[in-house]
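Visitor: Protein sequences, first through last, are from chains Z, S, B and Y.
All you need for our numbering is the position in the first sequence, starting with 1, plus 341.
All you need for our numbering is the position in the second sequence, starting with 1, plus 341.
All you need for our numbering is the position in the third sequence, starting with 1, plus 461.
All you need for our numbering is the position in the fourth sequence, starting with 1, plus 461.
One thing to keep in mind: the hints can contain errors.
Unchecked claim - Taking lysine to aspartate or glutamate pairs in the EDC-like style, the calculated list, with each CA pair at most 20 angstroms apart, reads:
no.: 1; chain 1: B; residue 1: LYS627; chain 2: Z; residue 2: GLU634
no.: 2; chain 1: B; residue 1: LYS664; chain 2: Z; residue 2: ASP627
no.: 3; chain 1: S; residue 1: LYS475; chain 2: S; residue 2: ASP594
no.: 4; chain 1: S; residue 1: LYS360; chain 2: Y; residue 2: ASP928
no.: 5; chain 1: Z; residue 1: LYS475; chain 2: Z; residue 2: ASP555
no.: 6; chain 1: Z; residue 1: LYS360; chain 2: B; residue 2: ASP928
no.: 7; chain 1: B; residue 1: LYS939; chain 2: B; residue 2: ASP953
no.: 8; chain 1: B; residue 1: LYS628; chain 2: S; residue 2: ASP554
no.: 9; chain 1: B; residue 1: LYS664; chain 2: Z; residue 2: GLU634
no.: 10; chain 1: Y; residue 1: LYS664; chain 2: Y; residue 2: ASP928
no.: 11; chain 1: S; residue 1: LYS360; chain 2: B; residue 2: GLU547
no.: 12; chain 1: B; residue 1: LYS664; chain 2: Z; residue 2: GLU630
no.: 13; chain 1: S; residue 1: LYS475; chain 2: S; residue 2: ASP554
no.: 14; chain 1: B; residue 1: LYS628; chain 2: Z; residue 2: GLU632
no.: 15; chain 1: Z; residue 1: LYS560; chain 2: Z; residue 2: ASP594
no.: 16; chain 1: S; residue 1: LYS560; chain 2: S; residue 2: ASP594
What the hints assert, rightly or not - Which bits of chain S does chain Y cover? Going by a derived footprint, with three or more residues having C-beta under 8 angstroms, they are:
no.: 17; segment: 423-436
no.: 18; segment: 479-493
no.: 19; segment: 505-517
Hints in this document: simulated from the structure, not taken from any laboratory.
Backbone N, C-alpha and C define an ideal beta-carbon position, used for all residues, glycine too.
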Amino acid sequence: MAPAMIPSLRARDYLSDVKPIWCPGCGHFGVLSALTKALAYLERPKHEIAVISGIGCSSRVPAYLNCYGFHGLHGRALPLATGLKAARPDLTVIATGGDGDGFSIGGNHFLHACRRDIDLCYIVMDNAVYGMTKGQASPTTPPDWTQSALTPHGTGIPAFRPAAIALASGASFIARGFSADPHGLSELIARAILHPGFAFVHVLSPCRTYRPDDQSSWKQAVHPFGEHILSTAETAVDTPPGASTSTKLHVQDDGLGLGVLHEVARSQASTSATAGANPDRQAALDAIEAELEA
Amino acid sequence: MAPAMIPSLRARDYLSDVKPIWCPGCGHFGVLSALTKALAYLERPKHEIAVISGIGCSSRVPAYLNCYGFHGLHGRALPLATGLKAARPDLTVIATGGDGDGFSIGGNHFLHACRRDIDLCYIVMDNAVYGMTKGQASPTTPPDWTQSALTPHGTGIPAFRPAAIALASGASFIARGFSADPHGLSELIARAILHPGFAFVHVLSPCRTYRPDDQSSWKQAVHPFGEHILSTAETAVDTPPGASTSTKLHVQDDGLGLGVLHEVARSQASTSATAGANPDRQAALDAIEAELEA
Amino acid sequence: MIWQNDNQQSITVAVSGSGGSGALTAGFILLAAAQRCGRYGLMMRSAGPQVRGGESVAILRIGPSTVTNIGDRVDLLAALDWRNIERFQDELALDANSLVLHDNAAGAVPSGIAASGAEQRPIDFGRRAAEHNGGRANMIAVGVLGGEMGLPLQALLDATDAVLGKKAPAAVDAAKACIATGHGGTTAGQTEREPSTAPAAAKRWRLSGNAAAGLGALRAEVGFIAAYPITPASEMLEWLAPRLERAGGTLLQAEDELAAVNMLIGASFGGVPAVTATSGPGLSLMTEGIGLAVASETPILVVDVARGGPSTGLPTKSEQADLNQALYGLHGDAPHLVLAPLDVGDCAFTVEWGSRLAERLQTAAILLSDQALGQTHAVIDPPPRCPPVLGRKGVSATSAQALTDNAIDSATDRAIDSAKPANAFARYAPSADGISPMPSPGIPGFEYTADGLAHNAQGTPSSSASDHREQLSKLMHKLTAHDYGDAWARIDRGQLADEPADSMISLLTWGSSWGAVQEATTRLREQGAQVQSIGLRLLAPLQHDQLSRAIAGTQVLVVEINATGQLFRYLNAERVLPPSARSFARPGPLPLRPAEVIAQLRLQRPQPDADENQAGGGDEHAGESLQAADVGGGY
Amino acid sequence: MIWQNDNQQSITVAVSGSGGSGALTAGFILLAAAQRCGRYGLMMRSAGPQVRGGESVAILRIGPSTVTNIGDRVDLLAALDWRNIERFQDELALDANSLVLHDNAAGAVPSGIAASGAEQRPIDFGRRAAEHNGGRANMIAVGVLGGEMGLPLQALLDATDAVLGKKAPAAVDAAKACIATGHGGTTAGQTEREPSTAPAAAKRWRLSGNAAAGLGALRAEVGFIAAYPITPASEMLEWLAPRLERAGGTLLQAEDELAAVNMLIGASFGGVPAVTATSGPGLSLMTEGIGLAVASETPILVVDVARGGPSTGLPTKSEQADLNQALYGLHGDAPHLVLAPLDVGDCAFTVEWGSRLAERLQTAAILLSDQALGQTHAVIDPPPRCPPVLGRKGVSATSAQALTDNAIDSATDRAIDSAKPANAFARYAPSADGISPMPSPGIPGFEYTADGLAHNAQGTPSSSASDHREQLSKLMHKLTAHDYGDAWARIDRGQLADEPADSMISLLTWGSSWGAVQEATTRLREQGAQVQSIGLRLLAPLQHDQLSRAIAGTQVLVVEINATGQLFRYLNAERVLPPSARSFARPGPLPLRPAEVIAQLRLQRPQPDADENQAGGGDEHAGESLQAADVGGGY
Ligand SMILES: Cc1ncc(C[n+]2csc(CCOP(=O)(O)OP(=O)(O)O)c2C)c(N)n1
Ligand SMILES: Cc1ncc(C[n+]2csc(CCOP(=O)(O)OP(=O)(O)O)c2C)c(N)n1
Ligand code: SF4
Ligand code: SF4
Ligand SMILES: [Mg+2]
Ligand SMILES: [Mg+2]
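Kindly generate the complete structure, drawing on both the sequences and the hints.
Guide: Here is the structure:
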């Protein structure tokens, strides 16, 4: 199942000529690079890919690619991507964004996208801070981080656990990568894109500007997340202890374990309440109008 | 810890003279009655209680009580309650609502209220349907329920698991009750109100009108949720299997187990970024203004 | 008394009863019967606060020509019982010429009803129903009312099959037996007061405004719907769910309105025309997304089936108070389309037109229906299709050839608007009509990133003043440069010459108020007044020149159902009204009645010492003193 | 050349440089130095798209009397390097009278800069900085510019301590050494062009508009803040976070704007005055909540620090384009307050006033600041407190006695407004001034449920037409009945007699445009024109009569920074403008300059064959042809 070494040859073909606005050293560069590698590995034609984002430093990704893209509203990447995928199942749809975008203002859509388990790849570049708005605490910021003027004593609130929430909400693929490991990350992204359901890739992507000291430690702290036991059975809540990665996710996740954390078959057939093909639209319309006479 | 038999004597003193608009047989009657019983048992003066709700049949509760109350916006009971409690920690603040209100449109606030773990009691009357808007599927509706014209083939989406999400999000008290068991429920509500943190009470509360057949089975299906092992340790994700109720919640919850599912000490000291008392406001203001001269 | 309600020879009947009494079912059967014998009609309903099973009233007006509003009064009330009837007092509008049919077994006629002076005629609905196995009082009432209205028994029985079709056959039979009993007992039934049957070819449709709006979406070839339930819009979605699937399309129930509107934008970005429906609270939540559709030039249509406001307001009742938000509710300068259908059938026309205009102009359209249109069921002539509108300006995707050629054309208008540049495709390139070609993902060579940030022609974020001005004026220009043709308004000038006389009155209105205004116009004309009525269908961009011409030289009264005169203020903002123009605006939830409009005109006859110059210095307070409640000042 | 920029004897200088060059720090030190020697000033900044470390420009204007805008042009530019300088070309406004100080080591003067005709004077910033251990070019520039501006060295050194205070002492010392070097090298430094020192007693404040707004909240005794970060509003919140705590209050970072506004409502329901700050996208998300505050009569204040729109727009740049949404953006008829501060210091005044008015009137207030106010740092006289406003009308909670008596009074106005009824407390009881007493939870005997549904006087949901009308007119009446006094506008009539002459011009504006408009007024007067300027601080409810009186008989030009003339249209909607009134509206993001306003007046001198009657029938297209870009039609 693990893809072979990803050739980085054609990765740059997926880059547009728009220059990133990111600070030098920003983790998001690594994610962009891993993403292009994954796309090149998968040999997806760029016009069949759409990359959808919200607002934030991380959300700038679409413009740096030369695929189709949408730089939408803060927090609303997932519904936009969901609408696109539901209307155009033929496309490869990837959503990208930050921890603020995805877990704070976008939290509800995260829950429901996981539940819907629609075939999207969602890459969150988690730097545990709002980079774009100049350094406020995000949901994944540790409670005792006091560097934001808005929360001078720290938030006092335990950090949001994206993987645990994704699992409890029903995502069928959960992985964690690190922006400083673009090869490992590109492999995870490739698998996520291939996964036929909602695939959440949680990426530790340091903010060089607003979290320089805190996040330099990530390099030492990250480690592989146990073995990649892949179960096609049901998700953790219905699974006896010890049997699956899902349980590991609950009992062993310190937020720094890298790899595939959870992977099961997609649990449902459709994401739409109703959906139909269009054999003869006019005939259908005529029939519907005729019914109004009765 | 379990309160003694709750005297129902003064419960009716908490009822206003506004007549509920609920359909005869609606589960929400049982919740209203359990809530008044709990308040009477706790001997909370009604003027020190504020009951906050969103919009839905279930959200009508505040007007049926003669405490202070706010019938707010669909999905926004929790932030309103959070603002009130943060500004007025002396009050007993209870939020009530439905599964649509709390888990669909209000999902993000649910996540973040659990995380914030502020001292609120949140009672969700889950009937797995939108009662007020005449019977559409809610997040907790089973995927194969086809009675809504909006989702004639069912939603196809696995039901939302409120307790699992609350656990993953950091709620420090999680319980499940049944509206047809007002005594058991009132005990749970009383414990939730006493709990010094975010206390989520998930109540199975059948909709007689839009889910008559499906939900009559609840009476037979509900059962006690294992033993009430109460741990003051950390939440499930950091706990080895087998050791706590939290793990039970992950591995044994079929959504019908009643009782306290999870209870730990509140994990943080404050909910507010900054908060201060007001010894001499004018002096503080003068000092702040003086700094502008520098 | 029947057929004498007004010179339109219509009749208005009401059926009331407590929860479970079946008043609404009775109304639906009567309406379906009217349809079956070539009549027109409409039915509004009103219910108490109970979620289900509370008291309710069906009010129907039936006539030989198109019925556009509920009229001034109720001719005939069949009260199945009297439970909480006072809740409906205002809606029922009984008077000394009305007839109240009631069952003595249900108790005395309440004082509020008796005070109307209506004739009271006891009918033992209950006892006569009991004569039939499984018979119900409401079906006796259908028979009695049907007879009084001149509806043939067979039409009633056929209608019963249509309405109760899904019920057990025994229940349907019992209903029919009761109807026959009720019908037989009326004099009308015997005197063969059959209505003139309409030409066989002219088929009538029976549907609600919400269904008509859904039909409009299907006609517009909408392929994607995402929505969150809300009263009174849900029925449009529920009507569409199975039908969109048949016609070919996808419907998603979203987790909230924020998701719904962004899902629409995603689908539309994918090339699939997309629509949602909501009401005030949901529209508020959608404003940020609507602004994104405007700025990113992604077509969407948002149907607002308005209810009373502000805030959660009056979820089951009507008001025309969301106009301000629809016109001005987006942050920044965000030019977009605002439309409003003028009657139940016009919901189909206007939704189709709105969606097609949004597609063509790559913008957001907000359509203002309301509860009085959406939840009213009507028997109407099939509504016409909207005028032809060119489709989305696209790019050629048919062959590699086209790409090598860098040729861009549109499936619909074939114009070559832009060439693929060496580097990035200029999605937002300026053009003569302000519309830039919009490729759908999947087409090679035209990859671009849509953006809600201020951007340059390539879509790259830019904060330069010149890019901002260029793109802003493109957004404005494409809307104003478009030729909307004649559909911008419905104008009823009657028999008048083209150039209106100086003494002419213009009744200017929009949306669901059109019906009553138009009927007032007809009646006033019959009284010898020179009156025209104008119902605006396209509210933004305002068709300034056409409207100016239409009202030139006339005395204008702007009629609408909201507290602050939102249309009146908007037209003043656009400087299209003469200084003498007046406003008649009152809040909901009661439906507008033709007589109210006529009374206003009487009130508004020029008074020599009017408030023309009461405030200092040449300003005009016109209109304010004429509005209901105290609506002075500036909101 | 200095002091000759205009008759106000001010000077405008700019410092530009690439990321890390410290252009902004240089600007802050110069501003602080001006403060230290009794001058006034303001500083705007502009940066490229880089999140951090990109090129940026500080533009300061310093003068002997209050400086309210950045002026028409830049006298002096110190370019530390030339990286991406073309991005700032429009902002820099150099001309043949300007002087450009540049470092030859950074390369040739770019053609765009040279084309201005400005005098070029090479200064080796870099080399001279290198003379000092740890010295930096930007500090040499501070010295040079300070000298040219006539700022004494000591003031610059003191300012350096104030601005760099938190840095390592060695860095501060190196900076000071560089400043001294730079200052010594200027002729100005030697000719003792010291500004006249202000009276010692007159203390100047240095703060941004966002800080001033925060101060206004503290002055208003706000006790609760919840907000979600957004540019350019975050600094108001960041300024407040530690200070609200000192003054006594709670601040919460919300998960989104929907949460923030509802948290405010909760806190305010609890009796604690509450404020939030946001910008356009957040304001859009808050509209539903603001509507709830209006309908439930729960006071809140929402500060919108506007940026360019539509949609995500121009997050770091200014525009006055959210006026429509602030006035009209709520669904239903939802009367509320809209205010706008007129300059940096006025943010304190207007926020305090807005919050106190919201409290008194139990409604939502939206305050329109913008990036040009919020992120501008200014040296000003301490802004005055707002006029006294009575506090929230409460109930007596002091003793059981009060309860037995059923007496209700207010802590602030002592009026007995209502008595506790036997059953439920009538929270929404009608009253003469439309304001009902609002008890806070915790007070026994007054328990009630607030509601956003249409309700009766007790707050119980009601869909009756009469309850709806009663409550709607109460909501409207309480706002219009209130006496707002003189603070509704700032009017600069100069030396003119009370009754303005017929030939007088009224420049009517709002918000951040006030400064440039008011300066244009002064200059025009000096040229002999009869001009007054009016800056509206209270936009809704519009003070119709006062404004009418103020502009009576004059020629009105409405000035604002947005594409569609939002204020102009609003004033037309309210019928307060004479038909001859004209609009000067152009989009952002460039700040308004006095010369633009003056040029518009020249353009607008009555032209015999003007567009007065070009459209049919007595309507007026006035203003449209005068606006920038093509803004005809109706949005
Ligand atoms: C509705 C709305 N609220 C707030 C903002 C301001 N905003 C822009 S980006 C951002 C946070 C970005 O943080 P994150 O998603 O973590 O991305 P990062 O910049 O850290 O990569 C915020 C709060 C906005 N654009 N829209
Ligand atoms: C913003 C907004 N969207 C939609 C609605 C319509 N609405 C009112 S109640 C409701 C659902 C209620 O369901 P639930 O919370 O489960 O309560 P129940 O009626 O089942 O007790 C909806 C969708 C609304 N009032 N506001
Ligand atoms: S602010 Fe942080 S997240 Fe944003 S570009 Fe800079 S380093 Fe990256
Ligand atoms: S619709 Fe359902 S939830 Fe609502 S009142 Fe009736 S039974 Fe209860
Ligand atoms: Mg981040
Ligand atoms: Mg429910």
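Visitor: So which hints don't hold here, by number, going up?
Guide: 3, 7, 10, 18 and 19
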